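Using the hints, put the two chains back together into the complex; each one sits in its own frame.
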Amino acid sequence: MARKHLMAAVAALALAAAAGGTASAAGKYIVGVSNTLIGNGWREEMICSIKAEAEASGLVSKVIVANRNGGPSEQIADIRNLISAGANAIIINPSDREALNPIIKQAADKGIVVVAVDQAVSAPEAYVLTNDQVDYAKLGAKWLFDKLGGKGEVVEMRGIDGVPADADRHQGFDEVLKNYPNIHVTSIFTGWALNKTAQATKDLLASGKQIDGVWTSGIDSTVVDAYQTAGKPFVPVVGADNNGFIGQLINLKDKGLTGAAVSNPPAVGGAGLGLALDVLQKKEHPHVVKITPTVWDNTSEAGMDELKKAYNQKLDPFYSVAINVPPYTHYTMEQILACKGP
Amino acid sequence: MTDVSAADSGGLVRFVSRRTRLLGMPALFVACILATALIHPDFGSFDVQSLALGALPLAMAAAAQTIVVISGGIDLSVGSLIAVSNVLAASLMQHASFGASLGIAVLILILGAAQGAINGLTVAISRIPDVVVTLTTGFIWGGVALLILERPGGGAPAAFLNIAAGADVSAWLPNALIVMIVVIAAIWLPIKLSRIGLLLYASGSDPVAAFRSGVDIRVARTLAYTFGGIACAAGGLALTMTTGIGAPLAGTYYTLSSVAAAVIGGVSLAGGRGGMVGPVIAALLLTLIPMDLVFLGIDPNYGQVIQGTLIVVVVMIGGFVTFMQERK
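So the sequences go chain by chain: H and G.
Everything in the first sequence is counted per the numbering used here, starting at 1 for the first residue and increasing by one.
Everything in the second sequence is counted per the numbering used here, starting at 1001 for the first residue and increasing by one.
To be clear, the hints were calculated from the coordinates, so they are not data collected in a lab.
Computed from a predicted structure; not experimentally measured.
Where hints are given, some of them may not hold.
Not the full set, but computed from the structure, chain G residues with beta-carbon under 7 Å of chain H [what the hints assert, rightly or not]:
| hint | residue |
| --- | --- |
| 1 | D1042 |
| 2 | V1048 |
| 3 | A1114 |
| 4 | P1152 |
| 5 | T1243 |
| 6 | A1247 |
| 7 | L1249 |
| 8 | A1250 |
| 9 | T1252 |
| 10 | M1291 |
| 11 | V1294 |
| 12 | G1297 |
Sample of chain H residues with no beta-carbon within 10 Å of chain G, all distances over it, derived [unchecked claim]:
| hint | residue |
| --- | --- |
| 13 | P102 |
| 14 | P124 |
| 15 | E301 |
Beyond 10 Å from chain G on every Cβ pair, some chain H residues (computed) [said to hold, decoys possible]:
| hint | residue |
| --- | --- |
| 16 | L59 |
| 17 | S73 |
| 18 | E98 |
| 19 | A165 |
| 20 | D168 |
| 21 | G231 |
| 22 | I250 |
| 23 | S300 |
Don't be surprised by glycine CBs; every beta carbon is placed ideally from N, CA and C.
So that you can see chain G by itself, here it is in the shape it has in the complex (with noise of 0.2 Å):
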């Protein structure tokens, strides 16, 4: 009986271990699902549909960042990005119908799209590091995002709104979370299952060799932000999907949250290395925090010491798993 349940165990360890990566994050945001049912009893569907509200901008937005700092990049200009397509969309779908609203969303899509590009050729072409190319062209699109709309306001038609809001499919499964991993699939798939895939990942990891197999470096550059510049806007039209307006400011928590997304989530900051998936559960998890820190009480001052101190511990033993791995 022992013995058979320690084969057992002892497969199951070389299960997990050799897996890590994959099944860690989701082991992590299903403990911190379970503590928050602890601390917070009448844990209900409402709250697994404001968790999902919450984090579906951030989702995007780790997406976005994912897709550059695999490709050895890093993208700086997230939160403007965002700004700029949430302000856009908010002051144009005011007045619009439904069906015009989604016209514009395809629109604010293709801007990304370019916005994107523009970080990205200037970052192949000039050759300037990533960090002053896309701090830089974050700062001007964070002033473009205050142009067009000055102080938070707009708005969008109902039915754009509702496309987030509720749960068509069950109370448990809200429409946010369907939205987060559609449109990140529909994002993410065709990069990772075609030679797009291959050519960020392989840039990505090893530069010079990528360079040396006839991978042009620049061209994957360009593709990576071009994409990233894609998910961005997916973000802010998430934004204003789940909040209803346009905010000018509102892209600043985005920056900085991406990255930190995206290394919780096991993407390597040297690039080359991680998934889609680990980043899209951390933006759930850093949502969830906040909302555990509510729950809890917490004095507010205390919030953001305790948040960041489990960035920093997720990420220790993160790195601590590779670490022993690489010994191995």
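Bound conformation, chain H alone (with noise of 0.2 Å):
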């Protein structure tokens, strides 16, 4: 009696094994996504693209998705589970640039096509697909200025302190300045927070200091709100792709709004796996991709017809709505916002 039990279960593993082999015989890639920030809305985002793309290639038959908060040493522990659970192809957001480039090489040792998006990673055997926060600065700063005819006091509101992102695109946003003597700037860390955002423009607001535009690094509606609870003045506003940004460059424009948004694709995600899927049919890639970001602004024509075609009314506020990152994704608005992998 044991024993037939037994014979029937090896019998059922022998069958699963199979299966298991066929699926992958089939050209069905397994792809693994390593993420360790949860519960933001960008990072969320990014996850959909990947499931999206994986969707939409048809060449991806599971996306695994090993998602928590953490650190380097959590993602490790990740990375191996996704090594384990037999993914052709890993998708990281990096916690660390150094930290994974021993698990790294081991997936790629075993023939894993390991991609790191929005952040890099130092490991060379890893791809690395990031959007160009130098460039996503300089664009928008550059706008900026020029808009504002080359003088004036500018409020730069900064991310969080010590974090990549913010370091670069203070960097780049200084290297704008420097070709600018007649611009003033006053730097204040908004760490990405709707309130902090909103406290920081009301104080500025109330202290009855000259403002003539301001750059923000993505919290941007809430500095708009803003002025609009205080009653003042428009002043030029440089923001994100976000999609509440967008509907106010739209709709207050008759009220004097004047602005840019400047892209920050979460779509990053989606665009590794393009590259990841490309690689895996042995087309050449380079192993560092930066994207650079662009720029829509409601002053010209051109820029508000790109506001107009991105902007959706049934979006949150702050939902990306550069959801492509040409040439490496394929899915279309439906098929992100679903969020369903295959």
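Okay, structure coming up:
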């Protein structure tokens, strides 16, 4: 009796193993995702873009997401688990530049394609696909300083001190600033938090300090809201491709709001998968890809067209609407909103 | 035929029911491993190595917590002590030779003993509740870890990392598992086999009775926390060994997970009861659950719910078994 059960179990195991074997023979890939910041809208959208790209490509049988709040040691364990789970490609948003290198090498030795998105890793085996944060600040700052005619008081609303993305953006901002000797800058840290940004803007407006323009590191619609609440005339504002801010650029243009949205697409996740699938199909790619942001302003006709095309009334104010990263992504708006992988 | 097997199974039931604490954990673990092999047929030696590597620091943390809890206390500074020895190891060993790194490891173990002794002496002398003392020392050492290493970094020589990585004996017996068993045995057996063990169990199960029988409770508590500190330092070294870096915030996971491992492993939070085999297996189990969730591709947002539920269920089964035994 017991023996019969054992035989059945063995047979089931063998069947399951055979099924696993045929799935990979049909050219279907398993994709692993490792992310260590949860409860963050941008990261959620990044993961959705990976699922959407997996769905759109038709090459992926399963997307496995290892997702928890943590640092490098948790991420190393997660990547090990993804290797165990049989991933053919692993997309990581790295928590550290150096710390993951040994495990990335182990994965690469097993023939797994590892793509670091959003932030870089130094492992030579990995592919790195990031938004160019230096350019992000450069493009927005240049638009703002030109808009002000090269002179005036500007507020630089930074993110979190000590975070690579913030450091890179500040570097780009400073590089552009050098060419505009008559622009004066006040820097504050917003921690990329809505409440802190709202408070800081309120304080600035109440102080009576002369402000001719505001550059933000992504918490943008909050600043415009504060101007509206205080009943002060708008000044030019630079923000990101957040849905709410884009809506303001369109709808408040009549009331005198000018501004520009600089793209920082979470779709780097999906783009990372697009790149990984290319590599799995033996297409050559450079190991480091930087995505140059685009600028959409509401003062030019072309920019206004792009803004209107991107705006979606149904989405949250902080949903990034730059959902595609050509030529790496292939999904539709519906697919990323559905957030369903194969 | 049927009679014989009935008698046999009756004997087996008696054998098992008398040793539920001893056999329950390994049985549960074997069941989980089998379940893992079913949902992930490719489960192989690499995965066994991953499991042992992942569980190594938690097993040490569980050992530390177990020693303290058996003596009737609790240690909420486990995570911070692990973080301190982790960042200290990673920053001191970065450019050291293999020999020097072993020396550093010994120094860190001594420091761990000192940290534990501070906990124990404070609890014993001041009579401030152990929860308060270890929570506060936990904050202090957590800050010290950040002072030593502001952000994840550091390193250790490759030979030091290779102690736990790989499998030199057999692909199915990873070095990490050997390190786990040897180190925990080296800490636990001297306690268990000497008078210290008796001291800890006695003061944990009934401090008043123990005191009246001539046990110095203060000595017992200080010893328990000191041995706990050594196990924490070993946990920090294990974390360096398995990740190759120091991370000042990595310890936070281990404080509550060590309590969970001790409880699942059959150690009574009231003190005086439990052994070391259960908590160590529980550490492996707690590492296996997230692995299985990844294999199953379960939405990560459900992962924590499932893990928490499993812990509650296991503890409830343990409590139920104890309840039934006590009713007999």
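Next on the checklist: Run through the hints listed earlier and report the numbers of any the structure violates, in increasing order.
Outcome noted: Violated: hints 2, 3, 9, 13, 17 and 18.
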